[in-house]
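Now for the letters of each chain:
Protein chains: 2
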Amino acid sequence: MKQSHLFTKTRREVPSDEVAKNAQLLIRAGFVHKEMAGVYSMLPLGLRTLRKIEAIVREEMDGIGAQETRMATLHPSEPWKMTGGWDGVDVLFKLQSRTEKEYAIGQSEEEIVTPIVGEYARSYKELPLMVYQIGQKYRDELRAKSGIMRGREFGMKDMYSFHTSQEDFDRFYAIAKEAYLRVYTRTGLVAKVTEASGGSFSEKISYEFMVLTDAGEDTILYCSACDYCTNVEVAGDLKEGENCPKCGGSKLTKAVASEVGNVFDLGQRYPKALNYTYKAEDGSDYYPIMGCYGIGTTRLMGVAVETFADEKGMVWPKSIAPAQVHLIELSGGDAAVKAKADELYADLMKAGVEVLYDERDMRAGEKFADSDLIGIPLRVVVGKKTIETGQFECVRRQTGESFLLPDAAAITKDALYV
Amino acid sequence: MKQSHLFTKTRREVPSDEVAKNAQLLIRAGFVHKEMAGVYSMLPLGLRTLRKIEAIVREEMDGIGAQETRMATLHPSEPWKMTGGWDGVDVLFKLQSRTEKEYAIGQSEEEIVTPIVGEYARSYKELPLMVYQIGQKYRDELRAKSGIMRGREFGMKDMYSFHTSQEDFDRFYAIAKEAYLRVYTRTGLVAKVTEASGGSFSEKISYEFMVLTDAGEDTILYCSACDYCTNVEVAGDLKEGENCPKCGGSKLTKAVASEVGNVFDLGQRYPKALNYTYKAEDGSDYYPIMGCYGIGTTRLMGVAVETFADEKGMVWPKSIAPAQVHLIELSGGDAAVKAKADELYADLMKAGVEVLYDERDMRAGEKFADSDLIGIPLRVVVGKKTIETGQFECVRRQTGESFLLPDAAAITKDALYV
Numbered sequence: 003m004k005q006s007h008l009f010t011k012t013r014r015e016v017p018s019d020e021v022a023k024n025a026q027l028l029i030r031a032g033f034v035h036k037e038m039a040g041v042y043s044m045l046p047l048g049l050r051t052l053r054k055i056e057a058i059v060r061e062e063m064d065g066i067g068a069q070e071t072r073m074a075t076l077h078p079s080e081p082w083k084m085t086g087g088w089d090g091v092d093v094l095f096k097l098q099s100r101t102e103k104e105y106a107i108g109q110s111e112e113e114i115v116t117p118i119v120g121e122y123a124r125s126y127k128e129l130p131l132m133v134y135q136i137g138q139k140y141r142d143e144l145r146a147k148s149g150i151m152r153g154r155e156f157g158m159k160d161m162y163s164f165h166t167s168q169e170d171f172d173r174f175y176a177i178a179k180e181a182y183l184r185v186y187t188r189t190g191l192v193a194k195v196t197e198a199s200g201g202s203f204s205e206k207i208s209y210e211f212m213v214l215t216d217a218g219e220d221t222i223l224y225c226s227a228c229d230y231c232t233n234v235e236v237a238g239d240l241k242e243g244e245n246c247p248k249c250g251g252s253k254l255t256k257a258v259a260s261e262v263g264n265v266f267d268l269g270q271r272y273p274k275a276l277n278y279t280y281k282a283e284d285g286s287d288y289y290p291i292m293g294c295y296g297i298g299t300t301r302l303m304g305v306a307v308e309t310f311a312d313e314k315g316m317v318w319p320k321s322i323a324p325a326q327v328h329l330i331e332l333s334g335g336d337a338a339v340k341a342k343a344d345e346l347y348a349d350l351m352k353a354g355v356e357v358l359y360d361e362r363d364m365r366a367g368e369k370f371a372d373s374d375l376i377g378i379p380l381r382v383v384v385g386k387k388t389i390e391t392g393q394f395e396c397v398r399r400q401t402g403e404s405f406l407l408p409d410a411a412a413i414t415k416d417a418l419y420v
Numbered sequence: 003m004k005q006s007h008l009f010t011k012t013r014r015e016v017p018s019d020e021v022a023k024n025a026q027l028l029i030r031a032g033f034v035h036k037e038m039a040g041v042y043s044m045l046p047l048g049l050r051t052l053r054k055i056e057a058i059v060r061e062e063m064d065g066i067g068a069q070e071t072r073m074a075t076l077h078p079s080e081p082w083k084m085t086g087g088w089d090g091v092d093v094l095f096k097l098q099s100r101t102e103k104e105y106a107i108g109q110s111e112e113e114i115v116t117p118i119v120g121e122y123a124r125s126y127k128e129l130p131l132m133v134y135q136i137g138q139k140y141r142d143e144l145r146a147k148s149g150i151m152r153g154r155e156f157g158m159k160d161m162y163s164f165h166t167s168q169e170d171f172d173r174f175y176a177i178a179k180e181a182y183l184r185v186y187t188r189t190g191l192v193a194k195v196t197e198a199s200g201g202s203f204s205e206k207i208s209y210e211f212m213v214l215t216d217a218g219e220d221t222i223l224y225c226s227a228c229d230y231c232t233n234v235e236v237a238g239d240l241k242e243g244e245n246c247p248k249c250g251g252s253k254l255t256k257a258v259a260s261e262v263g264n265v266f267d268l269g270q271r272y273p274k275a276l277n278y279t280y281k282a283e284d285g286s287d288y289y290p291i292m293g294c295y296g297i298g299t300t301r302l303m304g305v306a307v308e309t310f311a312d313e314k315g316m317v318w319p320k321s322i323a324p325a326q327v328h329l330i331e332l333s334g335g336d337a338a339v340k341a342k343a344d345e346l347y348a349d350l351m352k353a354g355v356e357v358l359y360d361e362r363d364m365r366a367g368e369k370f371a372d373s374d375l376i377g378i379p380l381r382v383v384v385g386k387k388t389i390e391t392g393q394f395e396c397v398r399r400q401t402g403e404s405f406l407l408p409d410a411a412a413i414t415k416d417a418l419y420v
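Protein chains in written order, with the working numbering: chain A, 3 to 420; chain B, 3 to 420.
Think of the hints as simulated: they come from the structure by calculation, not from any bench. A hint or two may mislead.
Which copy is meant is left open, so a pair is good if it fits within one copy or across any two.
[What the hints assert, rightly or not] Using 20 Å as the maximum straight-line C-alpha spacing, the simulated SDA-like pairs for lysine to any residue come out as follows:
(1) 248 x 208
(2) 274 x 64
(3) 320 x 124
(4) 387 x 126
(5) 342 x 411
(6) 11 x 258
(7) 96 x 79
(8) 281 x 339
(9) 274 x 80
(10) 314 x 64
(11) 386 x 91
(12) 256 x 349
(13) 352 x 88
(14) 320 x 121
(15) 11 x 127
(16) 256 x 18
(17) 415 x 405
(18) 127 x 15
(19) 241 x 197
(20) 96 x 218
(21) 352 x 61
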């Protein structure tokens, strides 16, 4: 993608109405546009990153046998009234309508997915069953000051699972947990899992996936020897430095973290409220056990910004960067340099490398400042020196490490595989 | 994808509350789930087809230089009040909120895209500019009886263009028109372009893309010698069989058609209402000329069902089918047949062919009926005869033509290229 073609531009000044670092940087770099508090449009660079996050989440959900759908966001009121959510869920947006029908817009999809699955999975032979979608959710939040980390409209992957027993839910939860941890690892983040209360969704236990980041709203205690982790809010008298209450093999470490995923053991609440039973092997009808698994995709994007940014701008992990290479041409009007940069651009594109090509007629300092702000992992500079030495100057955004590479093949290898 | 893994099932009975053929077939085949009139969830097979349509639309929009975004669907009321749409657009859904803020959900995005583009394209040098998105739209329709062809929630690609002159709009419109026609051709449809009045969006001229289909709501007159086409509603005294008023070279043909895309020449209405001006070469400030270009993606899916279905079920063009091959195993418990089918499935997957593999323990008649209903272009049957002859029996869904192919390579070639 040529940078002159990109309709967004960077800006130096910090937006005055944003306190969250993620929103400040994403707006300055032209990744998102703020429509109002808690509502952002994704602009071309932001959409590229978000779609990479979505693709990683999709691969991991497909990998554990979940089936992708795209459920309606405009909801009838009837199932919400049956579950008690119509009056009980305070963040549920309701719509005014010209007809007598009442509608809500989706803040979660239990009221839609349960009847769908209930229509098809009538026998124990069809269970367990896992269904998911990736899309927009809407919540009537009273306050929204965390940029894309907590929005009134936001992107979410929500998965729902249906089981014939608590044991089977537990079995699948262990599989889903590993898939979730792979999602975070693949996006460059480090996550721990805590147990917490289920909030308005459930009276049962829930699990929170906490990413270690200084921007987090939570404080956790975790053990490095086993998978023990707890939110300090529910930790009672436990303190940092004490022995792990689970394995005893290590002392507890305290860390600030941000919730980027959760699992709710919903029990039989929704199948009961929505009259979904399956026929068991003994011929009787039972309500399935249900689980709900969320990952905020836009939230994950915001957490990645907060976690990796430095004083110069954003720093994207390669897996979710809007491009792998930021190619910067410093021709100053020199036709040979321009031709060399154009050639490298074409070669990298041909090799499947995603390139943002800054071929704008601007000073080197401005181009470098934009490049630092946008945060693409590998910067490759083509200038007069490139013609003299036959080497391309490369700089890693994350470490500042600079090195020379001789050709497109070497750059491709670095950008795609190293 | 193994059919036993797919959580949806086909059903024989026609849903009693659907009059539209597209909804009847899509529900019976398990492609969509009806939530209420005009609102459908996309189930795994339906989502596969919809994403293929989206990918074709995306390629064609990218190809004419438009930049993809994902704009907010939760809209603040302010821009809607500035344009008059808050009170003037009757299908606009408004939300009840816990705060004092007023919101709408997007039925079109002029109120969002104009300020976004206005923030970045401040000079004539940045224009023309084309921005698009593919996503959900919401309209408070009084009636919704056409299945996924006219929904209260539906999928749409909406593009917006901004120009410094009417001539430049006209130039780009001609390019966009060709791209639209390619979208329809690639999805197997035949489209004509009519001129019509702009409806509530505009006082200016608009263009409608009409696909020839017996299920259409409109009647058009078109010339086969030139691109003349008109809706009979605005055709005055013109009649079928008369000479084309544009080229005179052929007689007019009458046809029933369905609108699957439109273009509105919005003039300066939205930039004026939303205070977006650019600096021209002469240093003065002007309002850009704006165009809006829509393709209903779910509507296109519905039209494809209506156009190609026969008495046995749906018939998908290869480009938008949920899979290219429907592999049917008729082992009846014979291990050699099962092994042969498994092997072919693995080989086709490896070659990049999308396969729905019916390995369920069911009678041949049921499997064939399901296959006819689902409508995948090429059916490949593996039975006892396959072991004897070493040949795979293939049947084209569209024509019923049957033929033998010797191996996975020949089937791959047929499925991917022929």
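| Intra/inter-copy verdict for residue 387 and residue 126 if alpha-carbon distance must be at most 20 Å | Neither, since 70 Å and 35 Å both go past 20 Å.
| query | For residue 11 vs residue 127, is the C-alpha pair at or below 20 Å within one copy, between two copies, both, or neither? | reply | between (55 Å within a copy, 14 Å between copies)
| message | Regarding residue 342 and residue 411, is the shortest C-alpha distance of 20 Å or less found within a copy, between copies, in both, or in neither? | response | Within one copy only: 15 Å inside a chain, 42 Å across chains, cut-off 20 Å.
| Alpha-carbon proximity between residue 281 and residue 339, which holds within one copy, between copies, both or neither at 20 Å | neither (72 Å within a copy, 32 Å between copies)
| Intra/inter-copy verdict for residue 256 and residue 349 if alpha-carbon distance must be at most 20 Å | neither (48 Å within a copy, 51 Å between copies)
| field | Homo-oligomer pair classification [residue 18, residue 256; C-alpha up to 20 Å] | value | neither (33 Å within a copy, 60 Å between copies)
| How would you label the pair residue 352, residue 88 (within, between, both, or neither) given a Cα cut-off of 20 Å? | This pair counts as neither: shortest intra-copy Cα distance 53 Å, inter-copy 48 Å.
| For the identical chains here, do residue 352 and residue 61 meet the 20 Å Cα criterion within one copy, between copies, both, or neither? | Between copies only: 17 Å across chains, 25 Å inside a chain, cut-off 20 Å.
| message | Regarding residue 96 and residue 79, is the shortest C-alpha distance of 20 Å or less found within a copy, between copies, in both, or in neither? | response | both (9 Å within a copy, 16 Å between copies)
| task | State whether the alpha carbon distance between residue 127 and residue 15 is at most 20 Å within one copy, between copies, both, or neither. | result | neither (60 Å within a copy, 23 Å between copies)
| Under a CA distance limit of 20 Å, which applies to residue 96 and residue 218: within one copy, between copies, both, or neither? | So residue 96 and residue 218 fail the 20 Å test inside a copy (31 Å) and across (34 Å) alike.
| message | At most 20 Å between CA atoms: does that hold for residue 320 and residue 121 within a copy, between copies, both, or neither? | response | neither (42 Å within a copy, 29 Å between copies)
Violation of the numbered hints given earlier is confined to hints 2, 3, 4, 6, 8, 10, 11, 12, 13, 14, 16, 18 and 20; the remaining hints are satisfied by the structure.
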